[in-house]
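Student: Taken in order, these protein sequences are the chains called A and B. Everything in the first sequence is counted per full-length UniProt numbering, starting at 1 for the first residue and increasing by one. Everything in the second sequence is counted per full-length UniProt numbering, starting at 1 for the first residue and increasing by one.
Keep in mind that the hints were calculated from the coordinates and are not lab data. We put the CB at the ideal spot given by N, CA and C, even for glycine. Check before you lean on any hint, since a few could be wrong.
Claimed, not checked - If you want the footprint, here are the derived chain B segments under chain A, 3+ residues with CB under 8 angstroms:
hint : region
1    : 106 to 119
2    : 768 to 782
To be verified - Stretches of chain A that chain B covers, calculated by requiring three or more beta carbons in the stretch to come under 8 angstroms of a beta carbon on chain B:
hint : region
3    : 61 to 70
4    : 124 to 136
5    : 140 to 148
As the list claims (entries may be wrong) - For the chain B half of the interface with chain A, some residues (derived, Cβ under 7 angstroms), not all of them:
hint : residue
6    : V23
7    : W77
8    : I815
9    : F885
The primary structure of each chain is shown beneath.
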Amino acid sequence: MWHMERIPQLLAFVQAALVVAWCFTDLEAGPGTAVSTQANGDRFKIEGRAIVPGVKTQDWVSAARVLIDGEEHVGFLRTDGSFAVNDVPSGSYVVEVVTPTYRFEPVRVDITSKGKMRARLVNYIKTSEVIRQPYPLQIRSNGPHSYFMKRETWGWTDFLMNPMVMMMVLPLLIIVLLPKVVNTNDPEMRKEMEQSMNMLNPNPELPDVSELMTKLFSGSKGSSKAGSSSSKGTRPAAKRR
Amino acid sequence: AAMAKLILLWLKCILLYNTVEAVFEDQVGKFDWRQQYVGKVRFSHFDTHVQSSKKVLVATEKNVFAAFNTRTGELFWRHVLKSGLEGNIDALLQHGQDAILVVGNGRLLRSWDVSVGGLNWEIVLDSGSFQKACLVGQQGTVKHVAVLKKNVISLHYLSNGHQKWIENLPESETVDYQTVYSGGNGEVYVLGVVPHSHIAIITYSIEDGEIIKQVILFVSTPWLSNIESSCAVVGQGMLLCVDSVTPSLYMHDLHLNIHNHQMTQIPLQSLGLEVAPGFQPVLASHQPNSGHQPLSEFFLQLGPDNYVLLQLNNGQIVTLRDFKPALLVSFATTGEKTVAAVMSPKNKTACSINLFSAETGRRLLDTTLIFIMDPNGGKPEKIYIQPFLKKDDSVGYRAMVQTEDHTLTFIQQPGRVMWTREEALSDVVTMEMVDLPLTGTQAELEGEFGKKADGLMSMVLKRLSSQLILLQAWIAHLWKLFYDARKPRSQVKNEVTIENLSRDEFNLQKMMVMVTASGKLFGIDSKTGSILWRHYLDNVPSNAVFKLMVQRTTAHFPHPPQCTLLIKDKDTGLTTLHVFNPIFGKKSQVTPPALPRPVLQSLMLPLMDQDYAKVLLLVDDQYKVSAFPSTKNVLQQLQEMASSIFFYLVDSSQGTLSGYRLRTDLSTEQIWEVVIPTEIQRIVSVKGKRPNEHVHSQGRVMGDRSVLYKYLNPNLLAVVTESTDTHQERSFVGIILIDGVTGRIIHEAVQRKTRGPVHVVHSENWVVYEYWSTKSRRNEFSVIELYEGMELYNSTVFSSLDRPHAPQVLQQSYIFPSAISTMEATLTEKGITSRHLLIGLPSGGILSLPKMFLDPRRPEIVSEQSREENLIPYAPELMIRTEWFINYNQTISRVRGIYTSPSGLESTCLVVAYGLDIYQTRVYPSKQFDVLKDDYDYMLISSVLLALFFATMISKRLAEVKLLNRAWR
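Model the full assembly from the supplied sequences, consistent with the hints where possible.
Tutor: This is the structure:
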């Protein structure tokens, strides 16, 4: 079982490796590749721009930083949102724009020893997978950070829809409303009821009177579909008697 | 089917995530606070380009560039540069709205917009060690900045940083070029020195970097080595140098067109001045605007407390005023007026600052400012003056004083302190949280239970009296509430002072004792963050390591609480002890023992002397043990206990880990030694468990209702090693679990193709560590858990010497999508609450990650049993969710440590994170199960109760009426 599951994974890995190889060959001739303009010895520059849609750059750049592999290299944003992190040796890095208010997705940037740059999506599980991103980096914020949980607010509807409350309220309604709806003083009615009770009680298959009443009233209120459908079924039966 | 499984898994994850506690928006600032610091100030400028500006710019030794509000001392903005030498700020220049920073030994040049705090531009300079930078102006306007390096000078435009020209310095192998100067006449002067020979002056043209002239000044004496302090350019380009040997001033006109020249000598005696013996005199000039020449007035420091204001007048030097005693001097310019501020000692506790006219040396009226020195602080080190013109055209000023203990004090005339910033707190090394003392009444009540019983009657009386006291206190409290309620809200003060400090009912408010690298100790109220006491230890070596221990808590009432700070010089190993009261910060009466030999190890024993102070054992380099306190009682107890006192020593340079046992005569014997060959790996850290940790449950209930017992060895040490070979294919991180008493290796694990830095947390029966995987280029977490198995060997007591069975070891690893700065586990009173890991991230967030995500029993395939156990199915990647950040947007820069402390409530753990900033909060790993939630709806419950009460009343009445009616019928 274990090995069986491993095989497709292995295949996927081989495929990924192939893709990587292909990408690297592509890199040599690809039009999107940018050679770092300012190579100091073998130190390079990672460039890009961070954008928060709908917010002025002055409002957030002073609190923002560009972190490369944690705090290995640190860059700052210019007043127009662009950034350049100098003095980065060749290698593979995760570039992150960090602000307390806005969220940015990290990007992996690979720098070859010749200074060729490539940006791709960060994937920590399949580390060699390549999904190209534009370089110079274009990092767009996907909204503000959500730091807080919502409080459970208390509303009347929540309260009333609570099953416990429903269980309490419905019997109460029955007790209060039943005598009003059914005129118990009418001797004919009383007789009918007694009769029906006598008929019902010994027969276990027929519903209990209280249950019947519940169904009747809940049905008349139309609060539940099941109740109304069943009451439709039972009411004519009661009438017939 | 796989898809369905995945979805199920996902749903489960979501469900679990939602059960985790997070911060609610209305809790912001309720029980948490943050203080932001910048570090010891190296450069500071008042923002002068706008007349009413409230900004002061600072660049610090912690590589921070920030702007404060001069009215409040709060930060406008702050930029934390890279730590270490690469982010070191070499120079800060200010021109108008721009501030220029030279960073990383002249590697980077950055220009910042002061008003917004954004970056204008950043350029990389050629390598070469940085010497000096200055603004270069021409006819009053400044457009360039010149950067002088060891062998090259370059000129850059201020507007975009582009290089205008770069020139190699001639003969840079022999000449030590040190400083660069521009007087606003289209020329840049570079000054260099050849020790024992001459001064070289090269003049460059601003336009194209052409060398206009080269001058060699022969100086007769070999006194000159540092141009920066012994020379200054004054007035219309007159170079002045001071020599303490001859003692005289040397003078040279930079405009003179001679190639070889002898400097004009002016003996100081001819000016009536005398240099203090053994003192190297210092010259200081002032150039208010880089587009113009410097002032012709300058200061000459002749001794530690002696300054002279001199003036260059038509080639003659005139003494304007001699200041003695004077601690500090500074020039300041506002508009056209330049003043000299002089700080002189007034008495033992205060200094006075006075302004003098720079041109005449006359004292300006009504400019005295009194600076009261904190007796527990340091001496003043620097003053920065912010002058301004008053309506009547006289000069007023505010002063920022920096003292030795890294404190900044901003003072207004006539001595009102506007704010103080304790920048020492930017470098907290270690801390402890100490319970606050009980109030008198509380102590009285507690005392009742402590005293010996002397008869039934007196006990009853005591009981009654204490109840009476309680009643009295309650009434007083009510009265106070009532009294306060009548007053307007603004008048009710809830200030915390040392006098009214007392423990709250859940022990949530504590005293944070913080030790900083500068040697200043602080006592901070954990509830409000206000500093209640401070104490500066002025003889702390700069490379000291500290260890803070609580010897006596506040629980032993008549005896004051006692903390001991061990200060060890890292090079010599010599150690001093500072014993103090953690509540008041006062030095204790107890005299600590003198320690003539270097101390290798210190350990706190659970033994107490007759005054309830825990015994501290110190092991010196001859393996002799000394005890503190060392009363007869203690020594006797030690003799009895000696056979069961073990300790270990780590020598990372030799790679040895050795265990020792105490003998009754307080000597020691080695009982085991583990050698980790240093050629292959080195010991990075050794972590034991926290002594105040409690584990509530001895085991875990499995899905089939059996119990898996935890291996809870209190003597277990986690030793982390890193390979010496740093090649990414061969590097590894190792972890060794070793019993500190017997030296038995319990478990050993190696992570190949990984490297540090390794962060470890060791608690209960688990070790969590984090490392960098070089192969996959990601951070990974690994967790090791130890179990005894289904049966407990000896359930009553754990002994390292009697544990025949090796524990079962489970391990699992995970991917973590971020680097981490530090890591700690939550701690609660009884250990019932589930544990969380608090992880400090470089982004400034503190992530509270439930330990259940780091559980080696997380199954890859979900079974009925694992579901029963509430195990989360294994997923390789751990998630970072911002909802789990305990500090929401209150980021903490460069977090270095997280301190956790239990509170009186089992659900609550107090957390302090420190780095550049300090953040204090509370966390509830299993939610607040033991108190009502703070959003508990009192209104609802009381209204429901009332409604029910009235409903019963009314219905009762109605029923009565009905009965009555029926009876009448």
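Student: Which earlier hints can't be squared with this structure?
Tutor: Hint check: nothing fails, all pass.
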